[in-house]
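So for the sequence shown, the working numbering puts the first residue at 31; every next one is plus one.
It is worth saying that the hints were derived from the structure and are not from the lab.
Keep in mind that this is a model prediction, so the values were computed, not measured.
There's no promise every hint is true.
Unchecked claim - Straight-line Cα separation of at most 20 angstroms, DMTMM-like style, residue types lysine to aspartate or glutamate; simulated pairs: (1) Lys140 / Asp115; (2) Lys269 / Glu233; (3) Lys140 / Asp92; (4) Lys269 / Glu453; (5) Lys140 / Glu353; (6) Lys269 / Asp199; (7) Lys269 / Asp115; (8) Lys269 / Glu452; (9) Lys269 / Asp444; (10) Lys269 / Asp169; (11) Lys269 / Glu450; (12) Lys140 / Glu129.
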Amino acid sequence: MANGLPPETDVVVVGSGMAGLAAALSAAELGLRVTLLEKSTLDPSWSNSRISNGAVHPCMIDIKSPPETIVERLIAITDGVTRSDLARAFAADSLPALEWLQSHGVQFVKAGPYPHLQYVFAPPGRNRAGLEWEGRGSDLTLRRLKTAFVEQGGAYRNGCQVTDLQLSDGRVTGVVAQTSEGTATLRSPAVVLADGGFQASRELMDRYFGPGVFDRIKLRGADTGTGDGLRMAQAVGAKLVNLDRFYGHCLSLDAIHEERLWPYPMMDALIGASILVWRRTGRRFLDEGAGGVNIANLVARGADPQDAIVVLDDAIWNGPGTELVVAPNPNLVLSGGRVYSADTLDELATRAGVDPAGLRETVAEYNRAIADGRAGLTPPRTGRTFPIERPPFHAVPIVPGITYTMGGILVDADARVLNEREEPIPGLWAAGVTAGGLEGGPRAGYAGGLLQSVVFGRRAAASVARTVGAPAAGRANGGPAGGDRESSGNRQGPDEALPGAAPADPARRQALGGRRRDDRRARASDRRPQAGRRHRPTCGGTRRRGRPRRQEPRRAQRDHRGHAAARVARRRDHRITRGMTKWTARRRPVCPAPATRCRPAIPVACCTRSPIRRPTARTSSTSGTTTSTSGCASTSPASSTPGATSPCRAARAIWPATT
């Protein structure tokens with residue numbers, strides 16, 4: 031084993047972010063010999079997936095939406111740029127991807143009222159400015175997947191940068207990698223590129239977004255995304271698509287020098303309720319209701335991306351300015367960001383360096399258009415509108431922040447890399463944001479980086495297994511099926527759904543909502559008596575016919591079937607009382623203080639075992655009741671006394687148990 035690498039393997043995965051780990055773990059589950067190479071020397075490795083907020087969603091909508099709805103949404107937000115085969119595969123596999131993560135012990139919480147925040151890796155980041163990733167949901171999820179990959183027999187090597195692809199007779203046959211010990215060659219019939227986009231490459235950013243752009247915007251993502259996979263794929267004839275859009279958000283201009291101001295707070299809500307002008311002219315130049323990602327792209331393509339400034343009044347600052355989870359008010363000021371304020375627009379323009387006459391005319395025209403309800407503004411204005419009339423007036427300079435580039439290597443629904451004739455290049459696959467064709471378009475339509483990484487990472491593994499051949503292909507143990515699903519419309523475990531395959535069972539899709547009365551009604555058919563069934567007498571009583579035995583509690587069935595932790599919890603809650611089998615599924619675990627007992631129905635991070643700081647109890651705005659988002663609001667184990675009500679309450683959001 032030269033340089034710590036085996037000379038040959040079944041599949042090489044380049045990059046250990048969400049897409050790389052999904053592909054590597056899925057391939058290992060199918061019985062393939064997998065080598066995962068990561069160029070970052072850090073352990074854990076540095077990637078966009080690790081520092082993300084952990085929201086798993088398709089196109090900012092609910093992941094339980096029907097596949098047809100997801101496809102329609104993709105087509106709409108990308109203005110038809112998305113490829114139909116990729117859109118159908120993404121929509122069909124969104125829910126199975128979520129279930130696959132849950133089958134590996136990944137926990138989710140509901141982090142807000144919005145559809146895209148219904149499934150967020152637990153525990154989520156705290157509501158404050160700056161970058162906080164260690165010990166948060168995305169970091170724990172990647173650690174969990176990496177551990178599962180190694181336990182499956184996979185080989186992981188960091189500090190190993192892949193520099194070239196080996197090509198023989200038009201087929202990719204391996205990689206050339208640079209390690210601390212020197213150059214190594216690794217032979218493999220399959221290579222999966224999942225090393226991210228090119229947001230940290232000055233050369234590629236200036237080529238596709240304009241000269242000088244790289245130095246005038248803020249890098250909001252990982253600096254490991256330098257486009258290595260794109261260069262290698264293009265060298266062997268791959269086609270690149272949609273390279274002119276990125277995913278990102280506008281930040282305070284001071285985020286360029288102040289680390290506490292990135293990746294949060296974002297300026298989206300503030301811009302959407304105010305006006306955005308160039309300082310040199312004082313004039314509007316875009317539709318402030320166009321959406322945060324689109325606005326970041328438009329500002330980046332302006333004459334000077336650092337010349338834009340948001341103008342608003344005090345009502346907007348204390349209203350929409352406080353709405354986001356990490357809102358500009360007050361996080362912007364608390365973290366050292368500039369906010370200019372004045373009692374008049376002329377004074378504000380002088381302080382902020384804005385053309386006074388232009389700003390005065392722009393605000394007057396804007397207020398008249400709002401009052402008259404006419405669509406006479408240029409550029410047009412959509413979304414929410416608020417007059418700018420109540421002093422003091424405020425101005426916030428902004429800068430676009432780039433997280434990752436949307437375009438990349440063109441792939442098909444099986445994540446196979448396509449050449450200029452859109453034919454598969456044998457032996458080469460790509461997944462995650464390294465691949466292109468799913469998102470982008472004139473308005474920078476965003477599909478959801480984490481979810482597309484899991485979906486196409488797993489699809490790449492399934493395609494590799496079918497191509498290379500795997501001894502465990504098709505087994506129903508939670509990995510993608512190795513067989514071709516075109517022969518059957520039924521779901522074979524949480525596998526990949528090829529375009530045109532039957533969508534996931536609606537009842538199973540609805541079940542992920544969990545613990546709702548309509549879920550129980552939807553499963554009424556599961557509880558109906560089965561004809562011809564006979565059961566043994568219970569407790570010495572008479573024989574009862576036609577009534578099925580309760581094999582497991584309904585709540586436990588809803589808590590992610592097949593999940594190993596749920597099975598452990600069911601065994602824990604199975605009690606034998608007076609000769610009769612009785613099932614219980616407690617939803618309120620007791621704090622494990624010395625004088626109490628802890629029998630959670632599902633794994634919870636208890637106050638004495640979790641290294642994460644415990645959130646305090648919060649009061650619901652609708653019912654006035656108090657719940658805890660972590661399952662424990664007590665300050666110490668000693669707070670529980672015999673006979674007293676336990677302070678521990680399990681909320682709907684479940685946190686991961688730690689060891």
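Hints breached by this structure: As far as the earlier hints go, 1 and 10 are violated by this structure, in ascending order.
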